[in-house]
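For the record, the sequence lines run as chains W and S. So the first sequence is numbered by full-length UniProt numbering: it starts at 1 and just counts up by one. So the second sequence is numbered by full-length UniProt numbering: it starts at 1 and just counts up by one.
Honestly, the hints are just simulated from the structure, not real lab data. Treat the hints with care, as some may be off.
The list treats identical chains as interchangeable, and a pair is accepted whether it falls inside one copy or across any two copies.
Under the rule of at most 20 Å between Cα atoms (straight-line distance), these lysine to any residue pairs were calculated in the SDA-like manner [as the list claims (entries may be wrong)]: (1) Lys334 to Asp286; (2) Lys225 to Ala8; (3) Lys225 to Thr248; (4) Lys416 to Ala244; (5) Lys353 to Ser336; (6) Lys225 to Pro195; (7) Lys353 to Tyr192; (8) Lys225 to Asn278; (9) Lys334 to Arg237; (10) Lys334 to Glu421; (11) Lys416 to Arg296; (12) Lys334 to Ser284; (13) Lys353 to Leu415; (14) Lys353 to Ala406.
Protein chains: 2
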Amino acid sequence: MSGIPGSASTALLTDRYELTMVAAALADGTAERRCVFEVFARRLPEGRRYGVVAGTGRLLAALADFRFGAAELDQLAGVVDATTLDWLSRYRFRGDIDGYPEGELYFPGSPILTVTGTFADAVVLETLVLSVLNHDSAIASAAARMVTAAGNRPLIEMGSRRTHEISAVAAARAAYLAGFEATSNLEAGRHYGIPTAGTAAHAFVLLHDDECDAFRSQVAALGSKTTLLVDTYDIRRGIENAVAVAGTELDSIRIDSGDLGVMAQQAREQLDALGAINTRIVVSGDLDEYAIASLRAEPADHYGVGTSVVTGSGAPTAGMVYKLVEVDGRPVAKRSAAKRSRGGRKSALRRHKPTGTAIEEVVYPHATPPPIGPNDRVLSVPLVRGGEPVAGLPTLEQGRDRLRAALVSVPWEGLKLSQGEPAIPTVFEGA
Amino acid sequence: MSGIPGSASTALLTDRYELTMVAAALADGTAERRCVFEVFARRLPEGRRYGVVAGTGRLLAALADFRFGAAELDQLAGVVDATTLDWLSRYRFRGDIDGYPEGELYFPGSPILTVTGTFADAVVLETLVLSVLNHDSAIASAAARMVTAAGNRPLIEMGSRRTHEISAVAAARAAYLAGFEATSNLEAGRHYGIPTAGTAAHAFVLLHDDECDAFRSQVAALGSKTTLLVDTYDIRRGIENAVAVAGTELDSIRIDSGDLGVMAQQAREQLDALGAINTRIVVSGDLDEYAIASLRAEPADHYGVGTSVVTGSGAPTAGMVYKLVEVDGRPVAKRSAAKRSRGGRKSALRRHKPTGTAIEEVVYPHATPPPIGPNDRVLSVPLVRGGEPVAGLPTLEQGRDRLRAALVSVPWEGLKLSQGEPAIPTVFEGA
């Protein structure tokens with residue numbers, strides 16, 4: 001489960017300083033101090049109005065494989081001393097983790113994940129925790145905006161080729177969590193059970209002596225319930241050929257270039273005139289949330305999205321940090337004029353109007369919750385207890401449902417694509 | 001070598017449509033047509049003046065594991081027919097690959113990689129090839145600008161937490177290729193032999209009852225040849241404490257917040273006044289190539305770079321495409337008004353002045369090279385022959401040297417950080 005070449009361990013997906021800190025803390029006796037680390041984002045990406053938590057499921061899987069075996073310890077012989085190597089050889093996380101479940105919205109300062117344990121137990125997880133959450137949440141946050149922009153029209157994630165080959169699998173998962181319908185990525189299909197989609201590229205048409213040959217071959221192999229790519233040569237001719245070959249029962253055509261709005265209109269008219277009134281139009285090619293929104297009035301039935309979703313549409317990382325907030329019950333914080341660092345373990349709830357519209361995110365000291373009203377919702381759930389994942393953790397499908405419901409609760413302004421403030425304010429009680 | 005949870009194969013890191021195309025081509029007899037696919041970038045990221053090829057070494061490793069075993073074939077049972085499953089079960093790439101070696105510069109239209117083989121053999125590699133090259137080249141291209149901006153001052157890559165946990169390993173490799181000195185990522189140290197660096201975070205200081213305790217502990221564990229992080233509370237006091245604890249032989253201090261230029265100046269004065277004249281200053285915190293350049297006049301000795309390098313500093317993907325350019329000796333190309341698609345297999349050379357300064361990138365039809373002058377350099381090298389990597393492929397260190405030499409050849413305007421045109425024009429001969 002590691003995703004590491006030649007290794008079943010995730011333990012070296014870690015910054016060197018986590019381990020040198022453990023070495024020094026083991027030597028001076030502070031390694032066993034009870035600590036609380038908190039993951040939060042100081043701000044949302046420029047102009048974004050909400051973030052979407054994603055990656056928790058992947059994180060818990062990676063945590064199970066966070067073990068220092070012989071291969072890892074060999075590598076660390078020059079990094080830390082023998083005592084530390086011995087400690088690492090017996091390492092397994094023994095603490096607790098609480099956090100916002102996948103698909104939950106977050107805002108600046110939301111305590112997205114809380115890791116409780118000894119200093120040494122908890123500090124070594126910093127890099128892995130942040131890598132997973134920062135990546136997956138960045139993708140899901142961008143993808144959710146695309147899903148909103150698309151209204152009821154389905155989105156297919158097809159960006160594997162635009163990102164690292166393994167990130168691509170996680171990106172497909174995050175996009176699916178956010179409401180995409182399918183992915184082009186076969187490994188995401190295998191590993192996460194996400195529906196996969198895809199039929200043919202321009203290369204397939206170019207391979208053949210003419211476009212009709214290619215279409216005939218594709219229909220013979222995949223049936224008329226396929227998607228024919230019609231823009232290799234001339235789109236008008238391509239649609240003519242597609243319907244001639246596949247008949248009016250052709251499932252869809254795909255247009256991957258040109259002015260997609262104009263092309264979709266012309267294609268719809270032509271398809272209808274040819275009697276292919278149920279043949280759908282898939283558009284792809286440099287789509288982002290803004291381009292998707294601009295196509296809402298056009299007869300595009302499906303969107304294929306690549307680069308923009310897997311790169312977070314301008315915000316490729318969520319900017320979450322993992323901060324020590326409590327040592328042996330004492331709140332701690334780096335002194336900082338510009339950055340808001342609030343010591344002490346926190347929890348959060350979200351207040352809503354009776355109509356269900358969210359009003360504010362309330363972050364409060366863990367031990368002293370504010371009065372909870374009938375329309376308030378506590379946001380953290382237990383994820384790990386004594387090092388073991390709790391039973392009945394939310395599934396990917398449940399995360400998808402959670403986000404769908406959460407987006408309905410966002411004040412309408414918060415769903416706008418334009419740059420703005422966070423959809424709801426974060427209020428720090430007792431701060 | 002796959003990097004896939006629970007799998008030794010890279011074969012499902014693939015878009016579904018590659019396999020449905022294979023299925024149709026096997027059925028219609030075109031699967032064995034001799035094809036040439038070419039990887040190139042239509043343009044550089046907005047305003048960039050050059051790109052850096054990276055990932056080839058990783059790609060060849062992943063290619064060796066591109067096999068469809070029982071687990072992969074199980075997953076594909078609903079995707080393609082029995083004939084195709086059988087073909088996939090015997091798949092290994094049998095063709096040839098040529099390309100720009102790692103560390104080479106590229107420009108719009110440069111034929112970065114050329115894959116020659118049967119259609120079926122070559123088309124299934126599209127997703128993997130692009131994922132690896134687009135990711136790694138994006139990072140290396142951004143990192144090279146940072147190296148240039150830093151002059152002779154060393155850079156440490158510390159961005160693992162800002163990107164997917166496995167991409168982080170590849171990002172460290174690409175940054176090292178581009179001239180970074182070290183990485184925080186331990187897996188990159190293990191897998192690629194890249195020097196690793198890192199000592200302590202703010203959490204380590206906060207863990208202790210006071211800053212001096214933390215510094216004493218660190219020096220006891222790591223020696224005075226360490227880097228003490230001095231900005232947890234008050235920087236001036238932190239530096240005082242650091243020198244008091246470690247002595248004037250302290251290797252370095254690190255400043256991770258505030259106005260780094262001002263802080264570096266003040267720190268230098270203070271260190272010198274304390275007699276720590278050889279203690280170096282490491283600065284980190286939201287550095288990108290522009291911030292690095294702006295610190296050139298300041299007494300910062302080392303730069304730690306995170307988010308901006310692992311996310312490609314605004315260009316997280318290189319935008320390379322994998323296009324079918326030749327079928328059975330016949331040039332092919334998608335018809336396109338806006339995109340430059342040139343059919344036919346190509347090669348390239350770079351022309352230089354006698355002084356060594358590059359003049360232009362010449363892309364020519366494979367079989368008809370233009371006259372090659374004494375200052376011209378052919379850019380592609382054989383990478384794979386008959387499915388096997390050729391002997392003596394360049395190492396990562398050689399790629400690093402290659403880039404260093406290539407950057408010296410760039411006209412001085414091409415090294416400017418400001419937005420501009422590609423450093424040299426690409427000339428298409430016989431196009």
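Checked hints:
1. With identical chains, the CA atoms of Lys334 and Asp286 are at most 20 Å apart between copies only, with a shortest distance of 17 Å across copies and 42 Å within one.
2. Taking identical chains as interchangeable, the C-alpha atoms of Lys225 and Ala8 are never at most 20 Å apart, the minima being 41 Å within one chain and 34 Å between chains.
3. Only within a single protomer do Lys225 and Thr248 lie at most 20 Å apart by alpha-carbon distance; the minimum there is 10 Å, versus 75 Å between protomers.
4. When the C-alpha separation of Lys416 and Ala244 is checked against a cutoff of 20 Å, the pair qualifies neither within a copy, at 42 Å, nor between copies, at 55 Å.
5. In this homomeric assembly, Lys353 and Ser336 never come within 20 Å of each other (Cα to Cα): the closest approach is 35 Å inside a single copy and 53 Å across copies.
6. Taking CA atoms no more than 20 Å apart as the test, Lys225 paired with Pro195 passes inside one copy only; the shortest distance there is 16 Å, against 54 Å between copies.
7. With identical chains, the CA atoms of Lys353 and Tyr192 are never at most 20 Å apart, being 36 Å at best within one copy and 55 Å at best between copies.
8. In this assembly of identical chains, Lys225 and Asn278 lie within 20 Å of each other by CA distance solely inside one copy; the values are 11 Å within and 72 Å between copies.
9. Only between protomers do Lys334 and Arg237 lie at most 20 Å apart by alpha-carbon distance; the minimum there is 14 Å, versus 65 Å within a single protomer.
10. Proximity of Lys334 and Glu421 under a CA criterion of 20 Å is satisfied in neither setting, with 26 Å inside one chain copy and 44 Å between copies.
11. Taking identical chains as interchangeable, the C-alpha atoms of Lys416 and Arg296 lie at most 20 Å apart only when both belong to the same chain, with a minimum of 14 Å there against 41 Å between chains.
12. In the homo-oligomer, the alpha carbons of Lys334 and Ser284 lie at most 20 Å apart only across protomers (16 Å), although the nearest pairing inside one protomer, at 47 Å, exceeds that limit.
13. Proximity of Lys353 to Leu415 under the C-alpha cut-off of 20 Å is restricted to the intra-copy arrangement: shortest distance 17 Å within a copy versus 56 Å between copies.
14. Taking the shortest Cα distances, Lys353 and Ala406 sit within 20 Å of each other inside one copy (14 Å), while across copies they are farther apart (62 Å).
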